[in-house]
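There are 2 protein chains.
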Amino acid sequence: MSEWAIECLKPDLPSVETYTSLLAEMDSNQWYTNFGPFVQKFEAKMAQFLSSTDGAPLNVVSCNNATSALELMLQNSGLPKGAKVMVPSVTFPATILAVIRSEMEPVIADVCEEEWTLTPAGVEAMLDYCDIDAVMPVASFGYALDSRAWEAFIDRTGIPVFFDSAAALGQQEVSPKIPTVFSMHATKPFGIGEGGLIVTASDAMASSSKLNSNFGFVQGLIKDIGFNAKLAEYFAIVGLTQFERWDAVTLKREQRWALYKECIDTLDTVDYCQAHKNKLPATLMVNTQGRSAAVIKTCIENKIQTRQWYLPPLHKHEIFQSYIKVGLQGLDKCPVSEYLESSLVGIPFHNFLTNEQIHHICAIIK
Amino acid sequence: MSEWAIECLKPDLPSVETYTSLLAEMDSNQWYTNFGPFVQKFEAKMAQFLSSTDGAPLNVVSCNNATSALELMLQNSGLPKGAKVMVPSVTFPATILAVIRSEMEPVIADVCEEEWTLTPAGVEAMLDYCDIDAVMPVASFGYALDSRAWEAFIDRTGIPVFFDSAAALGQQEVSPKIPTVFSMHATKPFGIGEGGLIVTASDAMASSSKLNSNFGFVQGLIKDIGFNAKLAEYFAIVGLTQFERWDAVTLKREQRWALYKECIDTLDTVDYCQAHKNKLPATLMVNTQGRSAAVIKTCIENKIQTRQWYLPPLHKHEIFQSYIKVGLQGLDKCPVSEYLESSLVGIPFHNFLTNEQIHHICAIIK
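Protein chains in written order, with the UniProt record's numbering: chain A, 1 to 366; chain B, 1 to 366.
Think of the hints as simulated: they come from the structure by calculation, not from any bench.
Don't take each hint at face value.
Intra- or inter-copy, both count: the list cannot distinguish identical chains.
[To be verified] Lysine-lysine pairs mimicking DSS-like chemistry, simulated, CA-CA at most 25 angstroms apart: (1) Lys41 with Lys10; (2) Lys223 with Lys333; (3) Lys366 with Lys261; (4) Lys177 with Lys81; (5) Lys223 with Lys316; (6) Lys316 with Lys333; (7) Lys223 with Lys81; (8) Lys333 with Lys84; (9) Lys366 with Lys10.
If we strip away everything but chain A, and leave its shape as in the complex, we get (with noise of 0.2 angstroms):
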């Protein structure tokens, strides 16, 4: 038994009985991995899934983890050893593990504050303290990035753009510009277990990802220092059975933020991130305004689960140290991912949450 009375977060996926009779195919196939006939069927069916900013057709390479997805993405960039990758203060760390584990370098950078991640507008005015090879902005929250504004961005400064959009699978609109990383993880919206996508426009991308998540072969040799990320066809089946239920997945979620925000409209001192009121959240995460201490003891008081995710920012562990970082206000300031630290909650946001218990939440958490 959970020790909370209201879970921070539930998966929602496919029970086993919507899916033994292809797992009783794959039985008959005998074929559990490698490039299998159910990962083929789910990446051309994801592919007709994902919208395009022009309608281009997108590859879809699919990972056995979103962490793989990135560093494939990075080492199949084009992009040298030792480029700058500039990051999110505020992320999943695997944002930025990946970087340092494809032998790049991370720029660590302050997000913006209406936005709680990296803009255009952003970036390019923190140009003027640090050098970049490429900026990697991060879909925070589950937050939809605005793909055509960041095409701009490329269009200005000439600097390629990469999306970790790990949480917004379903949500983000995928720019043939810009390689995208999804996360298909238990606790995303589209859960499948274990699994992440590269999608990318670029034909080279994708093929040379492809070899090197089976180790690099090419015709029986090595061609590259691959390694395993192939997803087995246990979850390509998750995944394509999680595609007939995505409507209703979606919708339950539209609902339950919808009334959250309708409830947290009401607090004086609690709010969500204005910015972004018209997207769908992975997690609810909202603004305490200095106060996130004490909201989560009284949370914990009241068996609500919270949690701080993406916190403390990356600048903020020890072992990030070393990396550049830049803010608004020049190198080593990174004000806003400080404020956030101390204000952001993480509270329940999942489908199996009652109108009651939004409504105590938010009583709570006033």
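Once you've looked at the hints, dock chain B against the given chain A.
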């Protein structure tokens, strides 16, 4: 439909109806990955299943695949970056890729003519030509390595040893002095789909490997440059089910191996690895004494699938040209690997072969 009358390899995994009740339990847990209850149960059961050279308790760290397990083992071994790790020239390339991805320096060594892999005596002889910081022998083709002989090697030389026993789970005795990796890929004898294990008597290696399989998180802060190598609950469920049928699965393989040995013993120009006569292999390589091309051609004509597992040897892949190569006659000489390249052919070996098929295959390769 397969183009082959007889395929080389067919996975023998539990069928879905034998584990649907466990999947239903996973659904009711709403816990699909991240060290869930089935992974915990599976690791505990695996620790009992494995036999240790001195009966000492062993830690089992489950991973999403054996390549991740090799990387984690090396990265949490205490070996510094740049350490020279000797690997056999005849192996699945994941062995060397894991060394390179761990920012260590592989040393490619020729294999023993009798055993088709590294032996303590062979490695000691090669120490006259090069320095190494560690050695990673491979349980080639699933033939278990001699743990006690390698323990004696450590005692004599002080050089740390790591086993890549990917294909030998269930056959390989584990030494408390030798961290060992196993694969549970669908094509392995103990198949679950995708999966790997690090087995070690070292609590420190086990605990840091486990933390680093979860990004390196310690209480919400990143303490090391980890990644996501977690085994999902689904695979632990298949693994738990595989234990139940392990004796039967192994018996079938033993029966086929016994019949193959009987048939091959009647052939003059084809032999199996006599040094491993009393061990149970994972894949069956026969020595055609320089005639591999002709034998493969005949097999193809008869719709019998063959595979040249682990070949060409690593030193023949262009991408590994820059690394040190060593054999019994000195640097840059790997004559045994090159002989094996022209001689070894992998013939069909799996639990679905009939006695008639085995007789037929032996008649063809004769």
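Inset, instruction - Go through the numbered hints given earlier and state which of them the structure violates, listing their numbers in rising order. - result: none
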